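Asks: The residues making up each chain are set out below.
Number of protein chains: 2
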Amino acid sequence: MVSPLLTDLYQLTMAYGYWRLNMHNQEAVFHLIFRNNPFRGNYAVACGLDTVIDFLQNWHFSAEDIQYLSKLKTGNGEILFPRDFLDYLGQLRFTCDIDAIAEGTIVFPQEPLIRITGPLLQAQLLESTLLNIVNFQTLIATKASRVCEAAKGEPVLEFGMRRAQGPDGALAASRAAYIGGCSATSNVLAGKEFDIPVRGTHAHSWVTAFADEETAFAAYAKVMPHNCVLLVDTYDTLLGVRHAIEVGKKLREQGAELLGIRLDSGDLAKLSIEARAILDEAGFQQTKIMASNTLDEYVIQDLKQQGACISVWGVGTHLATAYDCPALDGVYKLSALRDQDGSWNYKLKLSEQAIKISNPGILQVRRFFSDDAHVMDVLYDTQLGVPEVPEMHRVDAPTTRAKLPDYDASIDLLLPVFRQGELVIERESIHKMRKRALDEVKQFLKNYPKEVYPVGLETHLYELKQKLINELTTAKR
Amino acid sequence: MVSPLLTDLYQLTMAYGYWRLNMHNQEAVFHLIFRNNPFRGNYAVACGLDTVIDFLQNWHFSAEDIQYLSKLKTGNGEILFPRDFLDYLGQLRFTCDIDAIAEGTIVFPQEPLIRITGPLLQAQLLESTLLNIVNFQTLIATKASRVCEAAKGEPVLEFGMRRAQGPDGALAASRAAYIGGCSATSNVLAGKEFDIPVRGTHAHSWVTAFADEETAFAAYAKVMPHNCVLLVDTYDTLLGVRHAIEVGKKLREQGAELLGIRLDSGDLAKLSIEARAILDEAGFQQTKIMASNTLDEYVIQDLKQQGACISVWGVGTHLATAYDCPALDGVYKLSALRDQDGSWNYKLKLSEQAIKISNPGILQVRRFFSDDAHVMDVLYDTQLGVPEVPEMHRVDAPTTRAKLPDYDASIDLLLPVFRQGELVIERESIHKMRKRALDEVKQFLKNYPKEVYPVGLETHLYELKQKLINELTTAKR
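As you go down the protein sequences, you meet chains A and B in turn. Per the numbering used here, the first sequence runs over residues 7 to 483. Per the numbering used here, the second sequence runs over residues 7 to 483.
Rather than coming from a laboratory, the hints here were simulated on the basis of the structure. Keep in mind that this is a model prediction, so the values were computed, not measured. Please note: incorrect hints may appear among the correct ones.
Here are the computed lysine-lysine pairs in the DSS-like style, where the Cα-Cα straight-line distance is at most 25 Å [claimed, not checked]:
1. B:K77 - A:K228
2. A:K441 - B:K79
3. A:K77 - B:K228
4. A:K79 - B:K294
5. A:K276 - A:K158
6. A:K255 - B:K79
7. A:K77 - B:K256
8. A:K77 - B:K198
9. B:K79 - A:K256
10. B:K255 - B:K228
11. A:K294 - B:K294
12. B:K77 - A:K438
13. B:K79 - A:K276
14. B:K438 - A:K198
15. A:K456 - A:K310
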């Protein structure tokens, strides 16, 4: 369970500030968005919400946490947080509203994955933890989706634990990789915690623990006749294939089958083609060839183009660490604050880079479909609403106003998750999230194999944003 | 606490195999090594041992773990692990010997960071977890060391949580970054768990929560007069500096000081030079300029070359995820197995790539010094020993035999940590590990700013390895 102390210190110093100034219960709206699709791709897969729910349901500062905070000092030795503030923190319970996009949904830059509405102090304290959870799991679900797409429906097994970024870097990666489309993980704890299928047979050390490879394979088949996938590259790959076949023949005498062999080094295209021929010739057409060794979506595509005879893909480091883009650039921005008179005051942060100017308001994302195909996503302010015939300014081309093409269906993506701190949504099974991701990505890539998908601000929201930018730019002169 | 189920399933299927074949108590030796220095650098900083100690001291399968394992099935629906094996696992306690290199020590490819000696089944089960812990923390300690070197002794604060790889990806990164040389972290939980100094003041949301920047800065100074570092780039950076100065003047009237300003966007070199001039002219020569925004060792070097007036460095994503090389390639290989007659049987795994052929034996690393300067590291087999005048074959040029230059001191790096499952070493403070890393890296880089440091196999070990390779290569023909 994640502690509320898993936050940046400045969240606590700001919380103290809000409390001292009696702003802590002012109603605030924050949104968690990311700015760029990872991996130079054209989509991401939302992930991490269930972990966020666990975190929020257990969110409170323990006596031990408060004790730790009471010892912190400023640079000149003064106590950082006075006792009365710590007493307040100690009794604090989570009372925010949370709206979020379901896990496994395809999402795009600038779209709020989570909207947090509630007392300014609480909403501020959640920032770092929510970003930590959602950034990473969304990143890995997206990577997994890309790898599974490259494998064209053949099973991808996630094997990344040994080089993942710490114990939870492995555990959360296994969860997100499954939601993104992987078939199973090697991570036993992830299997137990998240109900993910687990897979695995043996390593090189099994082979080296015996006098020779034939003995090692025979021993493995003896103890695991119904789970026999043999790793053939400890000494000489093709000789290993022949040794595996000998074992396969003995398995058949007992009514079992050699399920597969695994290649873990060398030229995987060449070796798999040669191994396939040797296996087929010996009557082992059903024995699968599995490959591993720093695979990712690019290597898998390349192997397929070379005609590799591989039908199960073990993907480790590059998936579990998102090696070529190991962080999603999610941010968490204040977008509205309720005044004492009850009216909303919309907020944004300026930047020289347009993409870094945050969106004001209380936002929702409406996704339009035509014949089940994605048409466009429109961000709108829930107070301004959406006109019958919406128009929008695309995020990637904001100066032109785009009309919505024909559509026959639409849904609002942000769903109520918490109301005043109470969970109001039914927890989903991980298998349902995975199916959502597989189905939606497949549908999406039919029409958008590489193109940028249209996402924009509804015109009234766009105009409001421009007005606020102008006011802020004028004010500071 | 890390569960023993945080392992790859194949470790458990192999464990079951060893147990079925009555090999589970055969004494085995494994070594954990990495193959390449990360970040195209010429060293790494060992890290993660204390986390490994916690894991091993609590290593046992709970009733819940066993319950989960009992439900696993093979592809054709048979139970994977029979009851008697699970009963055995349930009562198993850690009884291995562990020797390891102290955290904060500088280390090189092929050097065992950990040597595991004990029952084959136990040593096998530890593989994935030990790799997960040590790979990541060593990676991050090394990255932190490089970033701190670039900062030339100026404080580096680790700010990576929000984009780290999951909650533990953040927590373990904060620990390793501190050991590698960082001065503090923003991660409050890491501060509490590991006794690391924590730092932080406010974010953009503090500024946007107020009517304007002047009000926001004045409010912050009011509530945190002795911890006042103001983030000046929410709307317009240099205007923000002037607003900070106004607040600084009021702080002085109360006997406090504006400690610093923080820049988080834009051209950091140009803005910091201009901000410095504005601060100095206003009499705020002591106010420090801190910078953040996707910094790493390369950006810091570049900023220093451009004359940036920055003296505190906030480094986040690129440090906590080791962005340009997000995984260390550590492996864990069986190198010796004791026969039933009590003699050791040395083991290795072949590969077409020389660097992937593992080293046989029961290894130790001896580091030689001359006048406190590093001379060379020699891997030797503890049974073969080291001659008075050792010779070695360098890992990066194995065919030539190198004589040891003059030296005046030597130490063996692997220290006894566990004996038969009992901890035999005193736990070190994290501050001692950090000092070790800072001191040793500084000393090392004097003589090896970029060059490859000589590491080799002691000649007798090298010859033994060649003999085993020849035997295996001949045997398989």
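Asks: Take the hints in turn and mark each one as holding or not.
Replies: Hint-by-hint comparison with the structure:
| no. | hint | result |
| --- | --- | --- |
| 1 | B:K77 - A:K228 | holds, 21 Å |
| 2 | A:K441 - B:K79 | holds, 23 Å |
| 3 | A:K77 - B:K228 | holds, 21 Å |
| 4 | A:K79 - B:K294 | holds, 19 Å |
| 5 | A:K276 - A:K158 | holds, 20 Å |
| 6 | A:K255 - B:K79 | holds, 24 Å |
| 7 | A:K77 - B:K256 | violated, 28 Å |
| 8 | A:K77 - B:K198 | holds, 10 Å |
| 9 | B:K79 - A:K256 | holds, 23 Å |
| 10 | B:K255 - B:K228 | holds, 13 Å |
| 11 | A:K294 - B:K294 | violated, 63 Å |
| 12 | B:K77 - A:K438 | holds, 22 Å |
| 13 | B:K79 - A:K276 | violated, 33 Å |
| 14 | B:K438 - A:K198 | violated, 38 Å |
| 15 | A:K456 - A:K310 | holds, 19 Å |
Checked against the numbered hints above, the structure breaks hints 7, 11, 13, 14 and satisfies the rest.
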